[in-house]
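Build out the structure end to end from the sequences listed, making use of the hints.
Protein sequences appear in the order of chains A and B.
For what it's worth, the numbering used here labels the leading residue of the first sequence as 196, then goes sequentially.
For what it's worth, the numbering used here labels the leading residue of the second sequence as 74, then goes sequentially.
Hints in this document: simulated from the structure, not taken from any laboratory.
No experiment lies behind these values; they were computed from the predicted model shown.
Treat each hint with caution, since some may be false.
Said to hold, decoys possible - Between beta-carbon pairs, the in silico distance windows are: (1) A:Pro207 to B:Ala94: 45 to 51 Å; (2) A:Lys219 to B:Thr170: 55 to 61 Å; (3) A:Leu415 to B:Pro271: 35 to 41 Å; (4) B:Glu164 to A:Val323: 31 to 37 Å.
To be verified - A few chain B residues that don't get close to chain A, going by computed Cβ distances all over 10 Å: (5) Gln208; (6) Leu272; (7) Asp332; (8) Val411.
Cβ atoms here follow ideal geometry from the backbone N, Cα and C, with glycine treated the same way.
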Amino acid sequence: MESLIVWLSEFPSLSRGELRDFRKGIDQAFREFTQQYGAGLESFFDPLLSFLIWSERMLLAAPWPLVIAAIAGLAWLGSRSLKVVAGVIISLLLIGYFGMWEDTMRTLSIITVCTLVAIAIGIPLGIVMARSNRLQAMINPILDVMQTMPSFVYLIPVVMLLGIGKVPGMMAVIIYALPPVVRLTNLGIRQVDSSVVEAANAFGCNAWQKLVNVQLPLALPSIFAGVNQTIMMSLSMVVIASMIGVTGLGQPVLKAITNQYFSLGLLNGLAIVAIAIIFDRVSQRYGLRLQKHRQGGHHA
Amino acid sequence: MPEIKISIEGLTKIFGKNPSAMLKLVDAGMDKETLLKKHGHVLGLHDINMQLHERNIEVVMGLSGSGKSTLIRHINRLIEPTSGKVMVDGEDVLAMTPGALRNFRQQKTAMVFQKFALLPHRNVLENVAFGLQTQKKEKSFIDHQSRMWLDRVGLKGYENHYPAQLSGGMQQRVGLARALACDADILMMDEAFSALDPLIRSDMQDLLLELQAELHKTIVFITHDLDEALKIGDRIAILNGGKLVQHDTPQQILLNPADDYVDRFVADVNRTRVLLAKSIMVDEKPEQNADSVTCRDDETVDTVLHTLLSEDGSYVIVENSKGKRVGYIDKETLADSVFQIEKKSAA
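Now the structure itself:
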């Protein structure tokens with residue numbers, strides 16, 4: 196009776212020694228893997244790193260009025276809205292006035308690179324996923340883990356593999372930001388009106404023609420929502436990634452947290468918010484403009 | 074004897090997890106309800122045999138669930154049959170490789186859909202061009218053809234509109250132009266006019282007949298509307314519960330319904346506007362000699378009736394288009410044809 200009560204109140208678990216050995220074993224194996232392949236992996240990411248460094252240098256070296264003009268120009272191309280463009284210019288001027296110009300440029304470049312990589316991986320993956328139910332069943336749980344696993348946890352193996360610096364930081368951001376664009380591409384393609392897909396089949400389209408002419412264009416609103424989410428998530432990851440050496444607006448925030456510099460944290464935090472809003476408004480407006488045919492109404 | 078364009082032999086389609094196992098049960102005579110209740114499979118079509126003639130408008134008619142949409146999708150193999158054969162121009166559609174099937178769909182068939190199925194992100198002209206683009210035709214040719222067909226369906230000037238800006242009837246004109254632009258022999262129309270208002274539907278039927286008088290395509294037209302079937306069909310195939318009940322000319326279907334189901338189907342039709350003088354005329358001259366009126370053999374019964382009543386005749390002499398006397402209709406026959414009091418054998 197007594198032993199039963201003990202059994203019920205104490206969860207039957209591995210002993211401390213066993214648990215230590217278990218973890219040691221995994222850590223050891225991973226360390227060996229790191230030693231063997233770490234250098235190779237690092238050189239694999241070299242092109243990405245040089246791309247990032249190049250974009251960072253360009254943003255930092257260019258005269259600031261030119262950078263503002265370029266970003267405002269891109270915002271105009273994307274949104275065709277003077278209000279959005281004015282917002283962009285004012286935010287950037289304020290950011291520069293409060294001495295955060297360089298950090299902001301660094302953050303902008305890493306966000307751009309990470310988003311581009313996430314899109315380049317995410318949209319094809321979403322397309323493949325939409326074509327096979329089995330693949331969807333396999334990839335979905337992985338995406339769930341990527342999204343819910345606390346980001347600090349996967350910083351550890353990334354740092355073990357690649358050390359501290361820009362590349363592991365980018366990896367962490369990409370892993371965190373990838374799921375929405377994959378999910379929403381998959382969902383968007385699956386939700387394309389089946390009668391239109393049937394029409395494409397009836398007219399003898401091959402798989403590529405169907406994808407390019409029917410499925411992707413009709414899934415575009417959903418894909419765009421995914422890209423938008425991906426941008427937002429990579430921005431939110433910037434602070435955490437600064438813990439492993441990603442430069443930019445995240446580092447002063449981190450410094451502010453550890454030293455209780457309220458105003459420093461607030462200012463840099465606001466700068467991140469400003470960038471987020473710029474990206475969000477411009478990409479949303481662009482998505483809407485692509486859908487202009489939907490707000491048709493009767494002109495007939 | 075007209076040429077056979079599409080030949081369907083022993084076509085059966087069972088929907089479910091293990092259709093081939095169910096095939097034996099169905100062939101052994103199990104009915105649709107038992108198959109669904111006991112085995113969870115749906116019998117879509119059972120042992121369909123039919124020949125569709127070249128240059129005809131062949132209507133396939135039935136209520137929802139009768140399998141008509143399933144049937145039409147077997148012709149271009151959008152649905153794979155459980156068993157049976159589909160031949161188009163003597164070619165076995167089911168034996169085609171994926172590439173050959175795509176070519177077949179591009180060149181031999183074109184389809185118009187109930188829900189239009191236009192591409193919402195493309196304007197009207199680009200929608201009409203869709204089939205030709207799939208065929209990778211030359212750009213200038215595509216542009217010329219698309220504009221020409223858009224003009225033919227009466228949508229000149231709407232090239233740059235998006236489908237969402239058009240009414241249902243106009244959208245279906247785009248769908249029709251898209252199909253016609255492919256220049257395929259076979260035009261498949263899946264309840265193409267069912268979603269339209271009655272007046273617009275009637276306009277579209279007229280447009281189709283007008284185009285067909287010139288183009289002479291083989292049109293497979295699906296509908297649940299008997300009036301529509303009688304108006305445009307050269308022949309009508311009636312499906313019930315996945316089986317072909319009758320496949321005949323509108324005249325024959327009205328005069329000799331194959332079973333009770335068809336009989337009930339045709340009961341409410343305004344027969345006088347469909348039946349032709351030649352379908353009800355007889356060879357013997359009626360006894361009374363005086364007061365005859367004359368009509369053509371391809372006039373509908375209501376026209377004949379009108380002539381007889383307005384000219385106050387007592388019987389009708391029927392002549393063919395060359396003015397040759399081919400038969401007679403007396404008042405009694407005419408009255409019977411308005412309400413089918415007793416069934417007559419084939420005229």
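Going down the list of hints, with the structure as the test:
With their beta carbons about 48 Å apart, Pro207 of chain A and Ala94 of chain B fall inside the hinted range of 45 to 51 Å. For the pair Lys219 of chain A and Thr170 of chain B, the beta carbons lie near 58 Å from each other, so the given range of 55 to 61 Å is met. Between Leu415 of chain A and Pro271 of chain B the Cβ separation comes to about 37 Å, which falls inside the hinted range of 35 to 41 Å. Evaluation of the 31 to 37 Å hint for Glu164 of chain B and Val323 of chain A yields a pass: the beta carbon distance comes to about 34 Å.
Not every CB of chain A is more than 10 Å from the CB of Gln208 of chain B (nearest about 7 Å), against its label as outside the interface. Distance check for Leu272 of chain B against chain A: the nearest CB is about 16 Å away, which clears 10 Å, and the non-interface claim stands. Look at Asp332 of chain B: its CB is around 33 Å from the nearest CB on chain A, clear of 10 Å, so calling it non-interface holds up. The beta carbon of Val411 of chain B sits about 42 Å from the closest Cβ of chain A, which is more than 10 Å, so the claim that it is off the interface holds.
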